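*Asks:* Each chain is listed here by its residues.
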Amino acid sequence: MKTEFIIAAAKAIQQSILANENTLESLDRAIGDGDHYINMKRGANAIADIAEELANFAPSDALNKIGLKLLSTIGGASGPLLASFFMAMAKTLASQTHKEYVLNENVEYSAADIAAGFAAGVQAIIQRGKANIGEKTMLDVLIPVANQFVLLATQNCEINPICTTLMQTAEQGVISTKDLIATKGRAAGLGERAIGHIDPGAKSCQLMIAAVCTLLMEA
Amino acid sequence: MKTEFIIAAAKAIQQSILANENTLESLDRAIGDGDHYINMKRGANAIADIAEELANFAPSDALNKIGLKLLSTIGGASGPLLASFFMAMAKTLASQTHKEYVLNENVEYSAADIAAGFAAGVQAIIQRGKANIGEKTMLDVLIPVANQFVLLATQNCEINPICTTLMQTAEQGVISTKDLIATKGRAAGLGERAIGHIDPGAKSCQLMIAAVCTLLMEA
Amino acid sequence: MKKFINHIDHVLIESLSGFAAAHADLVTLHLDPNFITRKNKAVNKVAIISGGGAGHEPLHSGYIGFGMLDAACPGHVFTSPTPDQMLMAAETVHAGQGILFIVKNYAGDVMNFEMAAEMLPFESATVITSDDCAVINSTYTNGRRGVAGTVIVEKCVGSLAETGANLAACKALGDKVNSRTASIGVALTSCTVPAAGRPTFDIDALEIEMGVGIHGEPGRRREAMREADAIISDCVDAILTDFKTRNFATSQQEALLLINGFGATPLMELYLIYNTTARLFKQHGIQISRSLVGNYTTALDMAGASVTLCLLDDEIKQHWDSPVHCAGLRWGI
Amino acid sequence: MKKFINHIDHVLIESLSGFAAAHADLVTLHLDPNFITRKNKAVNKVAIISGGGAGHEPLHSGYIGFGMLDAACPGHVFTSPTPDQMLMAAETVHAGQGILFIVKNYAGDVMNFEMAAEMLPFESATVITSDDCAVINSTYTNGRRGVAGTVIVEKCVGSLAETGANLAACKALGDKVNSRTASIGVALTSCTVPAAGRPTFDIDALEIEMGVGIHGEPGRRREAMREADAIISDCVDAILTDFKTRNFATSQQEALLLINGFGATPLMELYLIYNTTARLFKQHGIQISRSLVGNYTTALDMAGASVTLCLLDDEIKQHWDSPVHCAGLRWGI
Ligand SMILES: Nc1ncnc2c1ncn2[C@@H]1O[C@H](COP(=O)(O)OP(=O)(O)O)[C@@H](O)[C@H]1O
Ligand SMILES: Nc1ncnc2c1ncn2[C@@H]1O[C@H](COP(=O)(O)OP(=O)(O)O)[C@@H](O)[C@H]1O
Ligand SMILES: [Mg+2]
Ligand SMILES: [Mg+2]
Ligand SMILES: [Mg+2]
Ligand SMILES: [Mg+2]
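Chains as they are written, first to last, in the working numbering: chain A, 1 to 219; chain B, 1 to 219; chain C, 1 to 333; chain D, 1 to 333.
Be aware that a few hints might be false.
As the list claims (entries may be wrong) - Label-pair ranges, simulated between beta-carbon atoms:
#1 E254/D with K41/C: 24 to 30 Å
#2 A8/A with D237/C: 34 to 40 Å
#3 I8/D with K11/A: 20 to 26 Å
#4 A224/C with A55/B: 43 to 49 Å
#5 T245/C with E218/B: 52 to 58 Å
Unchecked claim - Taking lysine-lysine and the BS3-like style, the derived pairs with C-alpha atoms no more than 25 Å apart in a straight line are:
#6 K2/C with K2/D
#7 K3/C with K41/B
#8 K3/C with K41/D
#9 K41/A with K178/A
Simulated from the structure, these hints should not be mistaken for lab results.
Just so we're clear, the structure is a prediction, and the values are computed from it rather than from any experiment.
Backbone N, C-alpha and C define an ideal beta-carbon position, used for all residues, glycine too.
Chain A on its own, in the form it takes in the complex (with noise of 0.2 Å):
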């Protein structure tokens, strides 16, 4: 992986979550408080901001700068989560690097080196946010498929079907939250008045997602 392609990646997700400021402003405004796509906004803008900045370290370390940077940036609820998600991930990928980084190399990761990042930053979140799959959150999109990228990663899969997988996962998460009542975040104080509602933060998770999983593909 080179640090190339996670500022790629992030420039991909903050396009994405651009382009879909209605449904992501809608979301949040029916079940949450409206401000979930400004949150996302304001935290994609600022790691493109410091892109430039983040092309001379190594992979880990620009994912540990851009948790740094979403933390001290988005605010809320989201936050907080997806800066631990980066942070973890940053030191899951960092733990597994052995060589000394030269600046704009490729740092050598197995699928399932990133895999076990990815799930490490969805552990972080579920740490930090005292959450778990079914309380109509983030992680209803997360835990799904941090599960199939381990599983397929270590399946040795192919990168275009692990993320055609992952696309359709993130998807179907999303899509799960909507028949839920909130017990986890704003939307835990409206009981049954949350039933039919997707929930904000699974929808901009699956965005992310999708966004990555696209750029992998089109690679």
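Once you have looked at the hints, place chains B, C and D with the ligands on chain A.
*Replies:* Positioned in the frame of chain A, the structure of chains B, C and D with the ligands alone reads:
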């Protein structure tokens, strides 16, 4: 004049005011603060409420009581002005009464006496409000009506033609306010913007005059 | 109309009762006629009485207490109170040194207070506040309206009266503060008088009313909605022009800046307005040394705000800074 | 959306700057990261820091000053602030006795403050306020929201900290006040977040949102608009039921009643609400001995109000009554 007539007139006025809610309210909303109907209604209802009590008094005393009651119920600009009218009219009529009052008996007043009382009332409004004709206030109705009334009464006109003329004069007075810039009252702040709007106080005075004249003509 | 009310005929009494109950340590409510007095009657001082239509809360009842008013007479919503209220209030709070009425300059208020003063068995004087420079003064009209600057007049006169100053001195200070004060308001939406049940004026989503009165009276002109700084800049210009026209030098002057919300404008926006206003006045050489930001003279549920500048001198500053203990204004005590 | 703003990206900074300028005697504004501190740094006491999304003014910046907070960290409108703000604020106000964070119970706020606390080089504790009884508490959810009762917690803890009490004692008092406090809110209209540009929720002219949150979060249920007393009666019942469920006796209890406006509801209506609320609580044997009526925890331009009842004991009463000198709350000083 019998106090009975004053009470009947008060009730006719009350009905006319209540029947013109929309007109009075929208006129004051356009160039005032929107409360003129509410003020007039409060005053008219308060007089209707004390009708029984009024029946015990001589006409001039009843008029004075009406003035005091209006003073303590209407408030706003129209309250002290209308109160001053009735108290001054009462004073003038009282000065024309020379016999001890016997309950329910008619007190003899010539049309000229009553016209003089009316004119004294209008004079009191002029003094209290320091306004005159052409300032887009109730005086644009009251001054021409008072002048006509005194003129016709001293010419010994019949009651019906007097009433017909006064009603016409009042209506002309109302219309005359339409093209004026206000220089007194709340509309004075509006400058040119007041043009095209009828003054609410002028309209309610015209309604009151018409109500009393109609009653007289029916009698 | 969506309001917390039970019946339009009871809004006033229920609200006054709530006010009196919430501030039972400070005030006493008298009904029929309605007026509110200080809990602890002052002795041997000029008694300060104000009043006006309801709907401008905390004005005037919220300014009853040590260092400010002795009594307030609330009228119906946006309607002047009546002389019987003022007479009874005066009788209750008179403390041997006469009565000073503080009256906002509206035909109704002026005439009702005038009639009360004529009937009053005590010595009295009246300060008429007329700080609203939206209405260009003219000998042909009944003059400028009294708006948020009234709070500054009541605070300073109340402070002076507490020192035992006589009626003439209190009136003189009130007139001075009033003359050194100018205000202008802007409405984004209309207010709705409960008894009317609908907005006093219609206003477009893209319009503002520049120079609006505190009863929703139309102002100087209807304008296009613009960014805050452009609107505020016009307000600042109106105030500076007003002082200039009245021959008050503003450059190098120390001043009190009051940003007043009309009732439905959040504090967040009022502070944003303060930020720009203070900057612009400073650019004109005015030194803002005292500030007040909040809902001090409201117009029911109108969205909008007014800017008030009061040119300070040592006397006004002293009386502004002195302790005050009211429901709506409190410091030093 | 009709607001006094220049550009949605500058609302926060311009408003904070206005706040700091208007209260330059009380506070200092720090930018990037944004936080506000007391002008005069306290010495040798627990430093109290709160924070949360902007749009609830005067919460929290308006409660910085003697007897209340040492610093506040404002987030973007309705969005939790971030750990870097809290860390810098803590560094600036730390006075040798550790840091107490007061945090309203929202996933975002709790997690951001938690991360700050983990990174903090000082001893710290956190009081999480959760007075909103609209959200029926449950082990399955992240619990009740922190709303207007937060002001009472901040006032009392601030007072105790001023006496030199240690971190554990401050945290204990904060937790106690929070547990003895219950609130519920009602919205008549939605608020509009500047960056969103349109109302957070749609609501009919004949509907209210019972149990609304201070960010316009939906509440218990959408109901038909009714007369004030009927709405308030439901609020009172919700609060009494909540205390009962939590095994707090309310009968014969002395209490503080806070009627809080959400931003666009006039004081006149808030006092009317106070009137009914106090009467109903009294009918249930509660003795209302302290009151606060006004806009203390707002939701931008939302029309609506909340009722908060805090069951007093001698300790809470003492710390509520003690002198406080902030932009948004001041007495005895
Ligand atoms: N405890 C939690 N665990 C995981 N995700 C959470 C948790 N709380 C909230 N979320 C996610 O955060 C999203 C809301 O984010 P956002 O709107 O940015 O923050 P806020 O709720 O503070 O306004 C929710 O849709 C949900 O997916
Ligand atoms: N100085 C005045 N002289 C005569 N009439 C006046 C004067 N000022 C106001 N008015 C009358 O009072 C009317 C308004 O009455 P009203 O709405 O009841 O009181 P307010 O203006 O205090 O709200 C105006 O339409 C006008 O006719
Ligand atoms: Mg949100
Ligand atoms: Mg009127
Ligand atoms: Mg009026
Ligand atoms: Mg949020």
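*Asks:* Could you work out which of the previously given hints the structure breaks and list their numbers from low to high?
*Replies:* Going through the list in order, the structure violates hints 2, 4, 8 and respects the others.
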